[in-house]
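Asks: Okay, here's what each chain looks like letter by letter:
Number of protein chains: 2
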Amino acid sequence: MLDKTIIAVDAMGGDRSPKKILDGIEISLKENENLFFKIFGVKDKLEKFILNNSLIKNNSEVINVKDFILDHESPLSAAKKGNSTSMWQTINSLHNNDSHIALSAGNTGALLILSKMILDTIEGIDKPALAGLWPNKNGMNIVLDLGANIECNAKNLVDFSLMGSALYKSLFPENDPKVAILNVGSEEIKGHEIIKNAYKELKINNKYNFDFDGYIEGNHIMDGKANVIVTDGFTGNIAIKTAEGTANFITKNLKSSLNKLSMLLSYSSLKKFKNKLDPRKYNGAIFLGLQSPVVKSHGSTDSVGFAHSISVCNKIVKANLIEKIESNLITVDA
Amino acid sequence: MLDKTIIAVDAMGGDRSPKKILDGIEISLKENENLFFKIFGVKDKLEKFILNNSLIKNNSEVINVKDFILDHESPLSAAKKGNSTSMWQTINSLHNNDSHIALSAGNTGALLILSKMILDTIEGIDKPALAGLWPNKNGMNIVLDLGANIECNAKNLVDFSLMGSALYKSLFPENDPKVAILNVGSEEIKGHEIIKNAYKELKINNKYNFDFDGYIEGNHIMDGKANVIVTDGFTGNIAIKTAEGTANFITKNLKSSLNKLSMLLSYSSLKKFKNKLDPRKYNGAIFLGLQSPVVKSHGSTDSVGFAHSISVCNKIVKANLIEKIESNLITVDA
Numbered sequence: 001m002l003d004k005t006i007i008a009v010d011a012m013g014g015d016r017s018p019k020k021i022l023d024g025i026e027i028s029l030k031e032n033e034n035l036f037f038k039i040f041g042v043k044d045k046l047e048k049f050i051l052n053n054s055l056i057k058n059n060s061e062v063i064n065v066k067d068f069i070l071d072h073e074s075p076l077s078a079a080k081k082g083n084s085t086s087m088w089q090t091i092n093s094l095h096n097n098d099s100h101i102a103l104s105a106g107n108t109g110a111l112l113i114l115s116k117m118i119l120d121t122i123e124g125i126d127k128p129a130l131a132g133l134w135p136n137k138n139g140m141n142i143v144l145d146l147g148a149n150i151e152c153n154a155k156n157l158v159d160f161s162l163m164g165s166a167l168y169k170s171l172f173p174e175n176d177p178k179v180a181i182l183n184v185g186s187e188e189i190k191g192h193e194i195i196k197n198a199y200k201e202l203k204i205n206n207k208y209n210f211d212f213d214g215y216i217e218g219n220h221i222m223d224g225k226a227n228v229i230v231t232d233g234f235t236g237n238i239a240i241k242t243a244e245g246t247a248n249f250i251t252k253n254l255k256s257s258l259n260k261l262s263m264l265l266s267y268s269s270l271k272k273f274k275n276k277l278d279p280r281k282y283n284g285a286i287f288l289g290l291q292s293p294v295v296k297s298h299g300s301t302d303s304v305g306f307a308h309s310i311s312v313c314n315k316i317v318k319a320n321l322i323e324k325i326e327s328n329l330i331t332v333d334a
Numbered sequence: 001m002l003d004k005t006i007i008a009v010d011a012m013g014g015d016r017s018p019k020k021i022l023d024g025i026e027i028s029l030k031e032n033e034n035l036f037f038k039i040f041g042v043k044d045k046l047e048k049f050i051l052n053n054s055l056i057k058n059n060s061e062v063i064n065v066k067d068f069i070l071d072h073e074s075p076l077s078a079a080k081k082g083n084s085t086s087m088w089q090t091i092n093s094l095h096n097n098d099s100h101i102a103l104s105a106g107n108t109g110a111l112l113i114l115s116k117m118i119l120d121t122i123e124g125i126d127k128p129a130l131a132g133l134w135p136n137k138n139g140m141n142i143v144l145d146l147g148a149n150i151e152c153n154a155k156n157l158v159d160f161s162l163m164g165s166a167l168y169k170s171l172f173p174e175n176d177p178k179v180a181i182l183n184v185g186s187e188e189i190k191g192h193e194i195i196k197n198a199y200k201e202l203k204i205n206n207k208y209n210f211d212f213d214g215y216i217e218g219n220h221i222m223d224g225k226a227n228v229i230v231t232d233g234f235t236g237n238i239a240i241k242t243a244e245g246t247a248n249f250i251t252k253n254l255k256s257s258l259n260k261l262s263m264l265l266s267y268s269s270l271k272k273f274k275n276k277l278d279p280r281k282y283n284g285a286i287f288l289g290l291q292s293p294v295v296k297s298h299g300s301t302d303s304v305g306f307a308h309s310i311s312v313c314n315k316i317v318k319a320n321l322i323e324k325i326e327s328n329l330i331t332v333d334a
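Protein sequences, first through last, are from chains E and P.
Numbering of the first sequence is given in our numbering, commencing with residue 1 and proceeding in unit increments.
Numbering of the second sequence is given in our numbering, commencing with residue 1 and proceeding in unit increments.
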């Protein structure tokens, strides 16, 4: 048990929970024995799924809670429910050092606010940020901030670069992080003052232990040249949602353009295509900058997608992400 | 000639110019006799394409210029070339009321700066904005600003709503404009102060002659619920380029997933799909808010795409876009 990754899981958030959460846990345990789950939820609702499942029973502890946060509840109302909810207890398990990492498929706004309320910020980081995975030509990007901070200053963007490159190294140890700031052009004179100051800090003070690749435009995010894309939470949220909407629009149009015969004939090709772009593979946004990371699974994902976010949790713990962030900070101070 | 739409065309900008420009003009003239072109370019370079083309010869005037602006030249360097360039002369033709509208496939930054230098702003509009076409489920969106103004205040966003809805009415007279502000959530409390103030102005002061639909998130831009999407130039530029990058990424992946046989078998379906999403169909960004609109064709488009942007020019002139904007402004003042 000592070297197992202990994941605190909010079993009550997202569509078709708690069933999909427990199914996701089962998928993960079949792949990896070195996981242990602290499952926070209303016991009555969980029991029937666990009762005859020795794999989950032997590798988890169920902690009963009285209440849970609804998916469309306001963050304020969620906070008012206090420590009675599964989400609060899940995050609090990190505060008490009972778990290594926390995971929820519930209400994003509530998760961000409760995390900031309950957990300490890493010293030297001003604002925690929400980081996500985004496919590119050669593999995967880390993009942050996806919406935790609507307004950011230059120091925040530099912090995001440090945290994002540490996260990239944790998830993809075989590659080197290459940071770029999202902007409306690639020339130095483009953009507003906040971006220009972050650019100057990263470019001129060559003291960071990651590559800085300058500015990147929206149409090059998926080129694979940079792999850590840094932006404020307003722009990041709009960018990732626009990409999501565009992808949906195109695949729906593709479906309606193909007739049944050509669907049938192209079945294996289309399956390969779908598989490559399967959003479940990059499920899991990571709230970075707190004493321990809090991972947000997409609320609408299924058990396979939830299992992917468990795998993200495990990689982050095994790679000592927080130490990596702190070591990036030390490099800067020196 | 009196009721013909007179379009001033910069023949020197964009890839494969002036040939594609002249080919595009020819395509347009075959479809519509009521066009007349003032073609600004280096005569030596144009002559061989026009010499034996009576259709173009009879419906255009070629005005010789000494110089032109390179596609990757800085706006400052472009401005320094003064009135010797084809782009300057094209825009200046509006200033002199010699043409109804101006069109260029050249350097965007230069086009925005020269337009602002040469043309007057519509009284009541603080900042002109770059508007673009963006497909949605039911047809087409107008999205603005796409990058003319990196920073905007609430008044600018309200101006963009007035101008965008007037443009929508001009291009799609059979539909009603429905304005929405791009934001990170659809609830009233979301976003930063500038957005919230524009929202209040449009929502509470119910004096505008277009529907205001509140906030829209990035993943709903293509849903077709709203059709005039308003945002600052930084966010708009990132959003449209991110959509472009995502679309390219997906279609490239689709191509590489399909083997030759299934390509062949799905040929007509894929052609239908490609045709529906053909970017040439929404070629043409419109710089709005000046005494007359200046239209920017994509530099990399071909003659068919350029002909589409000529059609956009014609619709704008025929619909009296500037009058529509002014009438929206009058509604507000009243």
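Hints may be right or wrong, so weigh each one.
No copy is singled out in the list; a pair is fine if it fits within one copy or between any two copies.
What the hints assert, rightly or not - List of simulated lysine-lysine pairs, DSBU-like, C-alpha gap at most 35 Å: (1) Lys272 to Lys43; (2) Lys127 to Lys48; (3) Lys271 to Lys43; (4) Lys207 to Lys48; (5) Lys200 to Lys30; (6) Lys190 to Lys45; (7) Lys272 to Lys203; (8) Lys203 to Lys80; (9) Lys45 to Lys196; (10) Lys57 to Lys252; (11) Lys190 to Lys271; (12) Lys203 to Lys252; (13) Lys324 to Lys48; (14) Lys252 to Lys4; (15) Lys38 to Lys207; (16) Lys318 to Lys48; (17) Lys272 to Lys127; (18) Lys200 to Lys45; (19) Lys80 to Lys272; (20) Lys4 to Lys190; (21) Lys57 to Lys190; (22) Lys19 to Lys190; (23) Lys281 to Lys57; (24) Lys271 to Lys252; (25) Lys190 to Lys127; (26) Lys178 to Lys81; (27) Lys272 to Lys81; (28) Lys127 to Lys203; (29) Lys274 to Lys81; (30) Lys190 to Lys80.
If you're looking for bench data, these hints aren't it; they were derived computationally from the structure.
Asks: All hints are to be evaluated individually against the structure, with a verdict given for each.
Replies: Outcome of the hint check:
{"no.": "1", "hint": "Lys272 to Lys43", "result": "neither (40 Å within a copy, 53 Å between copies)"}
{"no.": "2", "hint": "Lys127 to Lys48", "result": "neither (41 Å within a copy, 62 Å between copies)"}
{"no.": "3", "hint": "Lys271 to Lys43", "result": "neither (39 Å within a copy, 54 Å between copies)"}
{"no.": "4", "hint": "Lys207 to Lys48", "result": "neither (55 Å within a copy, 58 Å between copies)"}
{"no.": "5", "hint": "Lys200 to Lys30", "result": "neither (48 Å within a copy, 53 Å between copies)"}
{"no.": "6", "hint": "Lys190 to Lys45", "result": "between (54 Å within a copy, 33 Å between copies)"}
{"no.": "7", "hint": "Lys272 to Lys203", "result": "neither (40 Å within a copy, 47 Å between copies)"}
{"no.": "8", "hint": "Lys203 to Lys80", "result": "between (44 Å within a copy, 30 Å between copies)"}
{"no.": "9", "hint": "Lys45 to Lys196", "result": "neither (52 Å within a copy, 41 Å between copies)"}
{"no.": "10", "hint": "Lys57 to Lys252", "result": "neither (41 Å within a copy, 45 Å between copies)"}
{"no.": "11", "hint": "Lys190 to Lys271", "result": "neither (41 Å within a copy, 38 Å between copies)"}
{"no.": "12", "hint": "Lys203 to Lys252", "result": "between (42 Å within a copy, 33 Å between copies)"}
{"no.": "13", "hint": "Lys324 to Lys48", "result": "neither (41 Å within a copy, 64 Å between copies)"}
{"no.": "14", "hint": "Lys252 to Lys4", "result": "neither (42 Å within a copy, 41 Å between copies)"}
{"no.": "15", "hint": "Lys38 to Lys207", "result": "neither (40 Å within a copy, 56 Å between copies)"}
{"no.": "16", "hint": "Lys318 to Lys48", "result": "within (32 Å within a copy, 68 Å between copies)"}
{"no.": "17", "hint": "Lys272 to Lys127", "result": "neither (40 Å within a copy, 48 Å between copies)"}
{"no.": "18", "hint": "Lys200 to Lys45", "result": "neither (54 Å within a copy, 43 Å between copies)"}
{"no.": "19", "hint": "Lys80 to Lys272", "result": "neither (46 Å within a copy, 53 Å between copies)"}
{"no.": "20", "hint": "Lys4 to Lys190", "result": "neither (48 Å within a copy, 40 Å between copies)"}
{"no.": "21", "hint": "Lys57 to Lys190", "result": "neither (56 Å within a copy, 42 Å between copies)"}
{"no.": "22", "hint": "Lys19 to Lys190", "result": "between (49 Å within a copy, 32 Å between copies)"}
{"no.": "23", "hint": "Lys281 to Lys57", "result": "within (26 Å within a copy, 58 Å between copies)"}
{"no.": "24", "hint": "Lys271 to Lys252", "result": "both (15 Å within a copy, 15 Å between copies)"}
{"no.": "25", "hint": "Lys190 to Lys127", "result": "both (25 Å within a copy, 19 Å between copies)"}
{"no.": "26", "hint": "Lys178 to Lys81", "result": "neither (41 Å within a copy, 39 Å between copies)"}
{"no.": "27", "hint": "Lys272 to Lys81", "result": "neither (45 Å within a copy, 53 Å between copies)"}
{"no.": "28", "hint": "Lys127 to Lys203", "result": "both (22 Å within a copy, 33 Å between copies)"}
{"no.": "29", "hint": "Lys274 to Lys81", "result": "neither (41 Å within a copy, 51 Å between copies)"}
{"no.": "30", "hint": "Lys190 to Lys80", "result": "between (44 Å within a copy, 19 Å between copies)"}
Checked against the numbered hints given earlier, this structure breaks hints 1, 2, 3, 4, 5, 7, 9, 10, 11, 13, 14, 15, 17, 18, 19, 20, 21, 26, 27, 29; the rest are met.
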